[in-house]
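Chemist: Taken in sequence, the protein lines are chains A and B. Using this note's numbering, the letters of the first sequence map in sequence onto residues 20 to 1019. Using this note's numbering, the letters of the second sequence map in sequence onto residues 17 to 202.
Keep in mind that the hints were calculated from the coordinates and are not lab data. Heads up, some of the hints might be wrong.
Result set (SDA-like, lysine to any residue): computed pairs, CA atoms no more than 25 angstroms apart in a straight line [stated by the list, open to error]: (1) Lys-145/B <-> Glu-57/A; (2) Lys-145/B <-> Lys-361/A; (3) Lys-361/A <-> Glu-216/A; (4) Lys-145/B <-> Asp-73/A; (5) Lys-145/B <-> Leu-75/A; (6) Lys-145/B <-> Pro-79/A; (7) Lys-145/B <-> Thr-69/A; (8) Lys-145/B <-> Asp-77/A; (9) Lys-145/B <-> Asn-78/A; (10) Lys-34/B <-> Pro-79/A.
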Amino acid sequence: MPESANWPAVEAALDELLGLSEHERASALERMTRDNPELQQTLRSLLAHTAGTDELLDNPAMQSIAETRPSDGAPPSATLPEGTRIGVYRIVALIGRGGMGEVYRAQRADGQFEQTVAVKLIRIEPGASIPRFNAERQILAELDHPGIARLFDGGVHIDGRPYMVMEFVEGQTLAAWCESRKSALGERLGLFLQVCEAVAYAHAHLVVHRDLKSTNIFVTKDGRTKLLDFGIAKLLQADPARDATRTAHLSPAYAAPEQLTGDAITTATDVYGLGVTLYQLLCGRLPWDVSDLPLAAAVRRLLDDKLLPPSLGVLDGGPIAARELRGDLDAIIAKALRKQPKARYADARALADDIERHLRRTPVLAREGARAYLLGSFARRHWLPMSALALVFLVLVAGLAATAWQARTARREAVRAEVEAGKATAVKQFLLDIFKQSSVQNPGGAGARNVTAEKLLDIGAERIRSQLHEQVEVRGELLETLSSLYSDLGAPDRALALAQERIDDLGKTAGGRDSNAWAEAQIPLARALIDMGRDSDAKRALDSAQNVLDVLGEQDSLTRAEVLFQRARADYDGASADKAEGLRQLQQALEILDRVDAQNALRGDVLEYFGYYAQLADDYRDAEIWKKRFLDFVRSQGAQGNSFAIGTALLDLGDVQALAREYLDSEANLREAVSVLTQSAGPDHPSTAIAQSRLGEMYFRSGRPVEAEPLLLDALASQQRSPQGQSDATETRKTLGGLELSRGRLAEAEKLLRQNLAELAAKKDWELRYAVSASVLVSVLTAEGKFTEAEQQYALSSDVYRRFLGEKSFAYAGCLLRGAALELALGGAHLDQAAEIYARLRAAWPPEPGHFPEMFARATIGLARTDLKRGRIDAARTNGEELLRLIAASPERQYVQEQEAQAARLLGASLTLLGRPNDAEFSLKRAVELREGLDDPDSVWLAEARISLAEALLAERRLPEARRLLELAAGAHSRQPALSAEYRTPLLRAQRQLMQARAE
Amino acid sequence: MSDQIAANGDIGAPPEVKQTAEELMPLFYEEVRRAARRERRRVGAGETMQTTALIHEAYLKLHRAGSFHDEAHFLRAAAMAMRHSLINYARDRIAAKRGSGAAVVPIDEAFEIGMVADQELIEVNDALKRLAQLSPRLAQVVECRFFAGYGDDETARALGLTDRTVRRDWIKARAWLRREMSNLSG
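Bound-form chain B, shown alone:
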C-alpha cells in the first residue's frame, strides 16, 4: 500500500506517520466500504459516530500496540489513512461502474450510488496535492478537517497548532480549493 500513499501524495508527513497510516489503511478502507452502504439521511449523529467509532477503535488498537509516539502522530496518521481510504474507495467505485476489469466493489452496491460525489472527491484530492506544494500545512489542515472529519480542536492537536490558526488556515485553504476547482471546471 505504500506506493498507493506515495502515489496519492503524502503532503509532508514524516516516515513514522506514514507507516502508521499504512497500518490503518486496511481497517479504514473496510469501514469506508461499510459506511458507504448506508443512506445519508438515515442518521445525523450516527454518521459522525461512525467515523468517530472507527478512529476510536484504531486509536485503541495502536495505542495498545504502542505503535505511535503520541497523539499528534496518531491523529495525523489516521487522517492520512482516512483520506487514502476514501479516495481509493471512490476510485474503485467509479471503476466498478464503468465496468473496467476487476470490480472491487460488488455490483449491487454500485447501483445504489451516484457517480458525482466520487468524482468530486477525487478532484478535491488532486487539487489538494497541488495545494500541498504551495503550503503543506494548509493541505494537512484540509486532510484533517475535510477528509478525516476532525473538528478544529482535534486538527489543532494533530498538527500542533492553535484552534485559531486552524480556523484561519481552513478559510484560506477552502477558498483556494474552491477557486482551484471552479477554475478547472471552467
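If we strip away everything but chain A, and leave its shape as in the complex, we get:
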C-alpha cells in the first residue's frame, strides 16, 4: 500500500480537507499536494469514496447476514398460506408477527362446530424440549378466567414448529381503547382492576405472566379486559433450570430488575409489569425512557434510577391531570415499581386492594408512615387544613390577621391595624413568598396546590434560618408564628425547635431575658412541651415567663392570660394539688380576658379547659355547663375555620354528658360530632377517630356493648394507622379492653391492656393514663386467677388514682371496687376485707333521686357475692332483691342490663342454696337471657350464669336441660386460656352433681 509509509500524513491531510466545504476543498487539495501527485491521487480517491451510499457498509453487518435472498427470486415467505391445516384448524389469515412467532386467525376445520381461534406458531430456542413445552402448555390451559385469553389446544406443526390454539380476542389494546375514548381516571382504574383480577387468579394458580405490558392487554367491545400470552415467556425457554427469561424475549422497558439480572421470577415480577402498565396507562409514557439510550446506560437506568413519580411524569394535555395522581396513586405505583421485589406488593391481589382503598378514600397502605399525609392528634385543636393553598387562603382572605396565634397576643392590636390599613403583615408576606416560590419550583406547573402545609412550614423555617439574620423583629415574629403553626399541625417537636430558637435569639440580645418578648416567647415553647408530655419542663418555662411579667408589672395583658392558660394545661395531667392551682389560673385568665378582650380566641380555650377540669373532679353537671358555654362561644366566632372547632366542641360536650349519664343528649351530640368532623376534617382525621371512639365509649357505658364494639374497632384501626394517632389509640384501646372484659373475653382484654401498658410505660407524666389501663387489667387478671400480678397492678394503680384524683373521687371508688373483687377472689380471710370495702362504698355512694346509683349497685353486687361465699345466703338474697327492685323502678333500666344480669344471677344462686330452685329459675333465666344479649358466646360471665341455672335445674332434677347448659359452659371455659378457680370450681361441682344424679 502506497500510503503505508506516511499514513499519518494522509490522515492529517484528510482531516483538514474534511473540515472544509466542498468548493474550498478543491483548491486546498491543490495547495497541499502541489509537490506530491501520489498523495493527491490518494486523497482524491478517498474523498470520492466518502460520498454516496454503500449498501454493505452503511448497514450493520448483522443485517447483511440476515438477508434472505432466495436464488429463484420468489418472494420470501415463511407465512403459512390460507387454508393450511394446523391440527384441526384451518388458517384464515395472518394477524401479526411478534418476537415469539406468528399469529394467525383460524377456524375449526373438522366440521364439528364454528369456532374462530387464534393460532400462534412459536419459534422456540434450539435445545427446547417438546415434552416440556407440552407440560407447560397443560398448566396454562387450566387457566379459566374471563379476563385471560383461553388456551384451548396445542401441538407441533409439520414444519416442526410448536403451536398454540387460543381464544380469538377481538378488540383494541388497553392503551388504544382508553385513548380512543379519552377515558378519565376512574374508567382507566376500573379496567386496570379487571386486569389485576385476572392476574390474581393466575397467581392463585401459580402461574406468572412474566411479560405484562399494555400491548398484551386487550379490551373487547363490551369493555372487558383480556390478557394475552400468559406465561408464554416461560414456555419458550430452552433451559428449564434457568429461571431467567431469555432477555431476547423481553421488552426491556417493561422488564423487572430481577428479569434483567437473572434472579428469581415471582408474582412480584408481575406486579412490576402491572406497575409499568398502570404508569403508562395514566401518564401516557413509560416510567423509564430507554429507547434512545445506549445499551449499558439503558440497563443501568432500569436497575438504578429513581422513578419519576406519575404526577410529575404525566404528559400535559392528556385526559389525566397531575393532581389526580398526586398522593395515593404516586405512592401505589411507586410501591409496585420498587427495585427490590420484596418491597413491592406481594401479588396482584394486594395491588388491586390498595387501588380499591384509594377509590374508597380510605388510607392507602403504600402511604403508611408518610407523615405528610396525616395530621397529628395530641392536642384536640387541629384546625389547619392540610394543603398549603388552603393555609395561605386562610391567612390572606379569611381575615385571621396572620394566624390565631398572632390574634391572641399583644401584637394583635398592631396586626389588626395593619390589616385594616390593607397592609400585609410580615408573616403573611413571608408565607406568601414561600408559597409562590414553591409553585415556581415545582416542574410542570404542578404548583404548590398540593404541597402540604407542613412542607410549606419546613421551607419557611429553613428560610428564616438562612435569610433573616438581621431583622430580629420579623424573625422573632415568624419563629413564634411558625412554631404555633407546627403545634397546630401536630408536629410539636418542630414547634419546640423553632420556639427554642426564638428564645435563644432573645437571650443573645441585651436585656432580652427581661423583656415582654421573652415572656411571650415562652408560650409556644410551653405549648409544644406539653404536647410532648413534658409537663414539668413546660412549667419551668412558664414560671420564668411569669417572673418576667411580674417584674415588668404586667398584670392585665393577653400575654399573662396566655401564660396562665398554658399553666392550667400543664396542671391538668398533674396531681390533685396541682389541679386546684390549675383551676385558679384558669379563673384568673378568664377575668383578664373579660377585662381586656372578651372575644379573644383564648377565651374559648379557657372555657374548654374549665370543662375538662370539672370533668376531672367528677362534677359532670358543671362540666356540662362549661362545655355548653364553649360550644356557644365557638359558634359565635363565625366563619373562622370553624366547623372543625364546632365538631370538637360537640365531641367534648357529648363526652361529658355520657359521664353524666345523659345518654340521649350524649348520643345526639356525639353523633353530630362524628358527622361534622367527618365532613370538615375527613373520615381519617384523628379527631374524627376520637369522636367515633367516644361514641363507642358512650354506648359501652350505657350498656350497649354490641353497638360499641364496631365503632371502637374502627376508630382504633384508624388511630393505629397514623404515627401521630398512637396516644389516641391508647385511649381507645383502654375502652376496648374494658369492653372485652365486660363481654367476657378475658384473653383479648388482657392483650389490649398490656399493649397499652407497654406503650405508656415509656411516657413521662402519663402516670394516670398508665394507671387507668392497669386498673382495668386488675379485673382481667383477677378473673383469670393471676392473683400475684393483679395485686401488683392494683397497688400501683390505686396509689396513682388516690394521688391524682383524690380518695373521694368516683374513679377512685371504681378502683377500690376492683381491689375488693380481688380480695373476694383470694377468698378465706380476705373475704371480710372485701365485704368491708363494699360496705364502705355503699355508704359513701348512696342512691339519690335522679340517676341510677351505679357505684351503689356495683358495691351491692360485690357484697352479695361475698356474702354467698361467706355462707350468708339470706343477706345475699335480700341485697339481690333490693337491687333488682331498684333497677326495675329506674328510668335507666335499659342502660344497666349488665348490673341487672349480675343481680339476677346472685338472687337466683342464693335462692337455689336456700332450697328454692323453682323460684330461682325465673331470675336465673333472666340473667342468662340478658347475658346472651350482651356478651360474647364464649363469655365467662355467660357461662357463670348458665352454671347457676344448671344448678337450679339439677336441684329440680331436670337433668337434660342442666346437662346442655353445662356443656355450653364447659365449651366456653375450654376456650379461655386462663381462668380463675372462682369460675372453674362451680362448673366442676355442678358436673359432679350431674354425674351423681344420673347414677341414681
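Fit chain B to the supplied structure of chain A, relying on the hints for placement.
Modeler: Chain B alone, transformed into the frame defined by chain A:
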C-alpha cells in the same frame, strides 16, 4: 477459540478485552445463527433489537460475574466477539454451501440464503485487518460501528473518544475500506 481470534486479528486490544471476547463468543455465535434464519424485511426495529438484546444479555451476565472492569472494556469485547461471530458464521455458511466437509450449518438453512453477503463480509474483514495495521483506532471504530452495530455514542464510550471523533473516524475508515475493496475487485 483464542486461536480464532488471533487468526482474525485482534486489531489492538488488550489481553483482558480479548479474554472477555472469548467468553462472549459462544453466546454471540449462537445468536448470530438464530438471527440469520430470519428474513431481513420482517422487522425494522426488531432487527436492531435482536442485536441489542443479545449484547444486553451478555452485559448483564458478565456484569453479574464481575468479569469486566468497566463499560468500555465490555463494549469493546462485545464488539470484538460480534465481529468474530459474524465472520465465523459467514465462513461456515459458505463452507456448507460448497459442501466442503463437516457442515456446521444445517443444509436447509444454507439454501435460504445467498452467498453474496457472506463473501462480502469476509472481504470487509480482511480489509479491516489491513486497515488495522495503518491505524488501529480506525479499525476499532469499524469493528464497533459496523460489525457490532453500535451507534456513535456507544462507539465513543467503548473507545474513549468523543462522538465527533467517532463520526470523523468513521468517514475516514469507510472511505478507506470502500477504496480498498473497489481496488481489489478491479
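Chemist: For each hint, tell me whether it holds in the structure or not.
Modeler: Hints versus structure:
no. : hint                    : in the structure
1   : Lys-145/B <-> Glu-57/A  : holds (23 angstroms)
2   : Lys-145/B <-> Lys-361/A : violated (51 angstroms)
3   : Lys-361/A <-> Glu-216/A : holds (21 angstroms)
4   : Lys-145/B <-> Asp-73/A  : holds (20 angstroms)
5   : Lys-145/B <-> Leu-75/A  : holds (17 angstroms)
6   : Lys-145/B <-> Pro-79/A  : holds (18 angstroms)
7   : Lys-145/B <-> Thr-69/A  : holds (20 angstroms)
8   : Lys-145/B <-> Asp-77/A  : holds (19 angstroms)
9   : Lys-145/B <-> Asn-78/A  : holds (20 angstroms)
10  : Lys-34/B <-> Pro-79/A   : holds (22 angstroms)
Checked against the numbered hints given earlier, this structure breaks only hint 2.
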